[in-house]
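Residues per chain are reported as follows:
2 protein chains.
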Amino acid sequence: MTKQKTAIQPIRAQNYAQWYQQVIKLADLAELSSVRGCMVIKPWGYMLWESIQEQLNRRIKETGHENIYCPLFMPLSHLEKEAAHIKGFASECALVTHTRLVSEDGKLRLAGELAEPLVVRPTSETTIGELFSRWIQSHRDLPLLINQWANVVRWEMRPRLFLRTSEFLWQEGHTAHASTEEAQVETLKMLQVYKEFVERQLAIPVLVGEKTANERFPGAVNTYCIEAMMQDKKALQVATSHFLGQNFSKTFNIQFSNQDEQLSHVWTTSWGISTRLIGGLIMVHSDDDGFVLPPRIAAMHIIILPILHDEAKNKAVLAYCQQLKTILQAMHYDGRQLQVHIDQRDKRGGEKNWDWIKKGVPIRLEIGPREQEHQTVSLTRRDLPHHQRTSCPISTLTSDYITGQLEAMQQTLWHRAQSFMREHIQFIDHKDALYDYFKQKSIPGFAKIAWHKDNSQLEQSLKEELGITIRCLISTVQPEKCCFTQKETDVYAIFAKAY
Amino acid sequence: MTKQKTAIQPIRAQNYAQWYQQVIKLADLAELSSVRGCMVIKPWGYMLWESIQEQLNRRIKETGHENIYCPLFMPLSHLEKEAAHIKGFASECALVTHTRLVSEDGKLRLAGELAEPLVVRPTSETTIGELFSRWIQSHRDLPLLINQWANVVRWEMRPRLFLRTSEFLWQEGHTAHASTEEAQVETLKMLQVYKEFVERQLAIPVLVGEKTANERFPGAVNTYCIEAMMQDKKALQVATSHFLGQNFSKTFNIQFSNQDEQLSHVWTTSWGISTRLIGGLIMVHSDDDGFVLPPRIAAMHIIILPILHDEAKNKAVLAYCQQLKTILQAMHYDGRQLQVHIDQRDKRGGEKNWDWIKKGVPIRLEIGPREQEHQTVSLTRRDLPHHQRTSCPISTLTSDYITGQLEAMQQTLWHRAQSFMREHIQFIDHKDALYDYFKQKSIPGFAKIAWHKDNSQLEQSLKEELGITIRCLISTVQPEKCCFTQKETDVYAIFAKAY
Numbered sequence: 001m002t003k004q005k006t007a008i009q010p011i012r013a014q015n016y017a018q019w020y021q022q023v024i025k026l027a028d029l030a031e032l033s034s035v036r037g038c039m040v041i042k043p044w045g046y047m048l049w050e051s052i053q054e055q056l057n058r059r060i061k062e063t064g065h066e067n068i069y070c071p072l073f074m075p076l077s078h079l080e081k082e083a084a085h086i087k088g089f090a091s092e093c094a095l096v097t098h099t100r101l102v103s104e105d106g107k108l109r110l111a112g113e114l115a116e117p118l119v120v121r122p123t124s125e126t127t128i129g130e131l132f133s134r135w136i137q138s139h140r141d142l143p144l145l146i147n148q149w150a151n152v153v154r155w156e157m158r159p160r161l162f163l164r165t166s167e168f169l170w171q172e173g174h175t176a177h178a179s180t181e182e183a184q185v186e187t188l189k190m191l192q193v194y195k196e197f198v199e200r201q202l203a204i205p206v207l208v209g210e211k212t213a214n215e216r217f218p219g220a221v222n223t224y225c226i227e228a229m230m231q232d233k234k235a236l237q238v239a240t241s242h243f244l245g246q247n248f249s250k251t252f253n254i255q256f257s258n259q260d261e262q263l264s265h266v267w268t269t270s271w272g273i274s275t276r277l278i279g280g281l282i283m284v285h286s287d288d289d290g291f292v293l294p295p296r297i298a299a300m301h302i303i304i305l306p307i308l309h310d311e312a313k314n315k316a317v318l319a320y321c322q323q324l325k326t327i328l329q330a331m332h333y334d335g336r337q338l339q340v341h342i343d344q345r346d347k348r349g350g351e352k353n354w355d356w357i358k359k360g361v362p363i364r365l366e367i368g369p370r371e372q373e374h375q376t377v378s379l380t381r382r383d384l385p386h387h388q389r390t391s392c393p394i395s396t397l398t399s400d401y402i403t404g405q406l407e408a409m410q411q412t413l414w415h416r417a418q419s420f421m422r423e424h425i426q427f428i429d430h431k432d433a434l435y436d437y438f439k440q441k442s443i444p445g446f447a448k449i450a451w452h453k454d455n456s457q458l459e460q461s462l463k464e465e466l467g468i469t470i471r472c473l474i475s476t477v478q479p480e481k482c483c484f485t486q487k488e489t490d491v492y493a494i495f496a497k498a499y
Numbered sequence: 001m002t003k004q005k006t007a008i009q010p011i012r013a014q015n016y017a018q019w020y021q022q023v024i025k026l027a028d029l030a031e032l033s034s035v036r037g038c039m040v041i042k043p044w045g046y047m048l049w050e051s052i053q054e055q056l057n058r059r060i061k062e063t064g065h066e067n068i069y070c071p072l073f074m075p076l077s078h079l080e081k082e083a084a085h086i087k088g089f090a091s092e093c094a095l096v097t098h099t100r101l102v103s104e105d106g107k108l109r110l111a112g113e114l115a116e117p118l119v120v121r122p123t124s125e126t127t128i129g130e131l132f133s134r135w136i137q138s139h140r141d142l143p144l145l146i147n148q149w150a151n152v153v154r155w156e157m158r159p160r161l162f163l164r165t166s167e168f169l170w171q172e173g174h175t176a177h178a179s180t181e182e183a184q185v186e187t188l189k190m191l192q193v194y195k196e197f198v199e200r201q202l203a204i205p206v207l208v209g210e211k212t213a214n215e216r217f218p219g220a221v222n223t224y225c226i227e228a229m230m231q232d233k234k235a236l237q238v239a240t241s242h243f244l245g246q247n248f249s250k251t252f253n254i255q256f257s258n259q260d261e262q263l264s265h266v267w268t269t270s271w272g273i274s275t276r277l278i279g280g281l282i283m284v285h286s287d288d289d290g291f292v293l294p295p296r297i298a299a300m301h302i303i304i305l306p307i308l309h310d311e312a313k314n315k316a317v318l319a320y321c322q323q324l325k326t327i328l329q330a331m332h333y334d335g336r337q338l339q340v341h342i343d344q345r346d347k348r349g350g351e352k353n354w355d356w357i358k359k360g361v362p363i364r365l366e367i368g369p370r371e372q373e374h375q376t377v378s379l380t381r382r383d384l385p386h387h388q389r390t391s392c393p394i395s396t397l398t399s400d401y402i403t404g405q406l407e408a409m410q411q412t413l414w415h416r417a418q419s420f421m422r423e424h425i426q427f428i429d430h431k432d433a434l435y436d437y438f439k440q441k442s443i444p445g446f447a448k449i450a451w452h453k454d455n456s457q458l459e460q461s462l463k464e465e466l467g468i469t470i471r472c473l474i475s476t477v478q479p480e481k482c483c484f485t486q487k488e489t490d491v492y493a494i495f496a497k498a499y
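Chains as they are written, first to last, in my numbering: chain A, 1 to 499; chain B, 1 to 499.
A couple of the hints might just be wrong.
Intra- or inter-copy, both count: the list cannot distinguish identical chains.
Stated by the list, open to error - Okay, derived cross-link-like pairs now, DSS-like style, lysine-lysine, Cα gap no bigger than 25 Å in a straight line:
#	residue 1	residue 2
1	Lys359	Lys61
2	Lys81	Lys448
3	Lys250	Lys439
4	Lys481	Lys453
5	Lys107	Lys87
6	Lys359	Lys347
7	Lys497	Lys463
8	Lys87	Lys359
9	Lys463	Lys439
10	Lys347	Lys107
11	Lys250	Lys487
Hints are computed from structural coordinates only; laboratory data are not their basis.
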C-alpha cells in the first residue's frame with residue numbers, strides 16, 4: 001500500500017498535542033462532554049478499559065486483595081481530619097450542597113440543603129479510614145487487603161482526554177498491617193504488580209522509583225511510582241503506591257490489639273491506576289496513521305475485512321470470511337481466546353481498511369473474490385511499516401503462526417519503546433549540563449543526575465526555571481556526590497518535563 | 001447437627017424486616033455508611049455483584065450492545081428539558097454547586113461556585129440524548145445499541161440496604177432505532193434477557209408485564225418490568241425496560257436521514273438492573289440460618305473446613321484439604337470453573353461451620369482427622385434441612401457427583417421459590433374479594449384480577465386505602481370484564497404490597 005498522506009494530521013513531528021487528540025478522535029476512543037472536563041469513553045476506548053480491568057483485577061486478587069464498594073460521597077469533616085490530605089485536594093473538590101429541586105413560578109430552585117456539604121470522592125482514604133477503624137480490632141483482622149474499582153472527581157480547569165479529566169475511572173487499593181515493615185513490603189509489592197502488568201501487557205517500559213517530598217501524595221510518608229516516556233519525550237506518571245505509615249490510622253483511630261493484648265495503631269498503604277493509563281498507551285505506541293494496540297491488551301485481535309464489490313461473488317466471500325473467523329476464534333493467545341470480528345459494513349474496502357488502521361487492531365485480513373478463490377488471505381500487521389500485506393494460503397493459518405504474529409508484534413512494540421526510552425535518558429554529571437540539556441529547543445528526554453534528598457527548595461526553583469520536575473528517585477549502586485551540593489547521596493533524580 | 005436456636009434472630013416469622021438486616025449483617029454483605037443512605041458493599045456482597053455483572057454483561061454483549069462510560073454529572077438545564085423526566089427525579093437529586101474549598105481564618109469555605117448547578121446522575125437518558133443527537137445522522141448509524149455500568153444517585157430518606165440506597169450500582173442500556181416497531185422489539189427483548197438471567201442464574205421466578213401509566217418511568221411511553229415475590233409475600237421490582245418512543249429524540253433532536261434522504265426522529269429505549277437485585281436474592285432464598293446462595297451465581301461453590309484440634313494430625317488434615325481443593329477446582333459447573341476455598345482460620349470447627357452457613361456457600365466439606373484417615377469427606381448442602389451431613393469416600397467426589405449436587409441445589413431453590421409464588425397468587429373475580437383479600441392481618445400474597453387500563457384514579461385510591469399497587473398488567477387469553485367497571489378488557493392487574 002503506497003500512501004504518502006498519513007491518516008493523522010498533523011503528524012507527531014508537527015504538533016504532538018494535536019496529533020494526540022486526532023488519534024483519539026479517529027480511533028473513536030473518547031470525547032469531551034458538555035460537562036466541563038468530563039469525558040465520554042466510547043465503545044472502542046471502554047473495551048480497552050475492560051481489558052485493563054480484567055487483567056489487573058486478576059493480579060490484585062491473586063495477591064490476596066478483595067474488592068469492595070465505598071460511597072461516592074464523604075462528609076467534608078472527614079476529609080478535613082487529615083490536614084495534608086485536605087490541603088492536597090481542596091482546590092479541586094466537587095461539593096454537593098442540596099438534595100432536591102422544587103418548582104417555583106415555573107422555575108426550578110435548589111432545596112434540601114445539607115447541614116454539612118458532601119465531597120464527591122477525589123480518593124477514598126478518609127472513607128476507608130473510618131471503615132477500618134470499625135473493622136479492625138485484633139491482630140487476627142490483619143492484614144486487611146481491599147481494593148475498589150470506582151469513579152473519582154478532581155475538578156480540572158485544563159482537561160485533556162484520558163490524561164486530565166474532572167472525573168476518571170480507577171482502582172484504589174487500601175491495606176492495613178500490623179507492622180511498618182509489612183506495610184512497606186505491601187507498598188513495594190503492588191508497585192511491582194503495576195510494573196509487571198504495564199510492561200508485560202501494555203508493552204510500556206517504565207522507571208520505578210520514589211517520589212520526592214514535594215511530589216508525595218497528600219498524607220503519605222513515602223510515595224513510589226512508575227514513570228513512562230511518551231514519544232515527545234515527556235514523562236507520564238502511570239501508577240503510584242503510597243506508604244501511609246500511621247498518618248491515617250492515628251487520624252481515624254485504627255487500632256488493633258496485638259498478641260500480647262497491647263493496643264497499637266495499624267500501618268496503612270494505598271495504590272492506584274487510572275484511565276490515564278490509556279492516554280499513556282496511546283502516546284507510547286501510536287504512529288502517524290493512528291492508534292496501535294498491543295496484542296496482549298487488545299479486546300479485538302483480528303479484523304476480517306470482506307471486499308464486497310462483485311455481487312455475484314459476495315456470498316462466497318462472506319462465507320469464506322465466516323469460515324476464517326471460526327478457525328481463528330478457536331485459537332488462544334496469552335491465556336485468552338482470540339477475539340475476531342468481521343466488518344460487514346457497506347463501505348469501500350480501502351475505507352474500511354483505513355478505519356481499522358486508525359483503530360489499531362493488531363491483524364487485518366482483507367478478503368476479496370481472489371482470496372476466496374485461491375483460498376488465501378491477505379494479512380497485514382499493524383506494527384509493520386507501510387502496511388505491507390502478506391498473502392498466505394489458508395493452510396498456513398495455524399495457531400502457531402497467528403499467535404507467533406501477535407507475539408512478534410507485542411515484542412516489536414516493547415523493544416521499540418524500550419530502545420526509545422533508553423536512548424533518551426541522559427546521564428548528567430554536572431549541574432550546568434542539566435541546564436544546557438533542558439534549555440534545548442525541543443525536549444531532549446529524561447536526565448539522570450546524582451541528587452541529595454534534602455534539595456527541596458532547589459527542586460522547586462528548577463521547576464520554575466526549566467519547567468522540569470523530579471519524576472522519581474532511583475538508588476545508586478554506590479555512594480555518589482550530589483551534582484548541586486556535593487553532599488554524599490545514594491540516589492539519582494530523574495528529571496523531565498511531564499504531563 | 002441438632003441446634004434448636006437459629007443463627008438469625010429474629011426469625012422470618014417474627015420480624016421479617018429485622019431478619020433481613022440480620023442476614024446481611026451476619027453474612028457480612030454490606031453496611032450503611034456515615035453518609036446518609038449510602039452503603040458500603042463488603043467483599044462477600046461485592047463478589048456477588050461481580051458475578052451478576054459478569055453473567056449479565058455477557059448477555060448484553062451477545063445481544064449486540066457495546067459498553068461506554070458517560071459522565072457522572074449532567075447540567076441541570078439538560079435534565080429540565082424533558083418535563084416528565086425532571087418531575088420524576090426532582091425530589092431526589094444530589095446537586096453539585098461548588099468545585100473548591102478555601103481556607104479562611106482556619107475554617108474551610110466553599111468556593112468556585114458553578115454558574116449552573118450540576119446534577120449527579122439519577123439515570124442517564126438526558127446525557128445519552130445529547131450524545132445520540134451528535135452520533136446519529138443516517139440510517140446507517142442505527143440501530144445504536146449501548147450500555148453502561150455505573151453508580152447513580154437518588155436521594156433516599158428511608159434507606160434500606162440494597163433495596164433503597166441513595167447511591168446504587170447498576171447497568172443502564174440505551175438504544176436508538178429507525179422505527180417504532182424495532183424499538184418495541186428491543187424493549188421486550190431486553191426484558192426477556194433479564195427474565196432468563198434472573199430465573200436461570202438466580203433461581204428467582206418472576207412475573208413479566210407492563211406497568212400502568214401511574215407507575216411508568218418518567219418520560220417513557222411504556223414501561224415493562226419483571227416482578228418477584230419475597231418470602232413475606234411482598235413484591236419487588238427486579239428490572240425494568242422502557243419504550244421511550246420519540247419523547248427523548250424530540251427533546252434532544254436526535255434525527256436520522258432514512259434511505260429516501262428524509263429526516264425523522266429516532267425511537268429510543270432504556271433498561272436497567274441494579275444492586276437492588278441482591279436484596280431480592282437475599283429475600284427469596286435465605287432462611288432462618290442466614291443467606292442461601294444459588295450455585296449458578298455463587299462466586300464460591302465449595303468451602304473446605306479443616307478441623308484442627310489435634311496438633312499431631314493438623315498437618316495431614318491440611319494436606320488432605322489441599323488435595324481435595326486441587327481435585328475440586330479442576331471441575332466446571334454452568335460454564336465456570338469451580339471456586340473452592342479452604343478456611344484455615346484459627347477458630348473452632350463449629351464456629352467456622354456456622355460462619356459459612358450464614359454466608360450461604362452451596363457446599364461445605366468438614367474435614368477432621370477421621371475424614372483424613374478414612375479418606376472421606378463430610379459434605380453438607382446449604383439448601384437441605386437441618387444441615388444434614390453426608391459422609392462420602394473421596395472416590396465418589398467425581399465431577400458428575402459434585403455438579404449434580406450443585407445443580408440439585410439450584411433446582412431445589414428454583415422449585416421452592418416457584419411453588420411459593422404460585423401458591424400465593426390469588427385469582428380474584430370480584431372487587432369486594434380484593435378488599436377482603438388485602439384486609440387480612442398478614443400479607444396474603446399477590447392478587448390477579450381483570451382490570452381496565454383506564455382505571456387510573458381507582459388505582460390511586462386502592463393504593464391509599466389498602467397500601468397496594470399494580471405491579472404489572474398481564475395479557476388475558478380472551479377478553480374479560482373489568483371487576484370494577486365491567487368494561488371489556490384484555491389485561492389482568494397483579495396487585496400487591498411492594499418494596
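Against the structure shown, which of the earlier numbered hints fail to hold, in ascending order? 2, 3, 8, 10, 11
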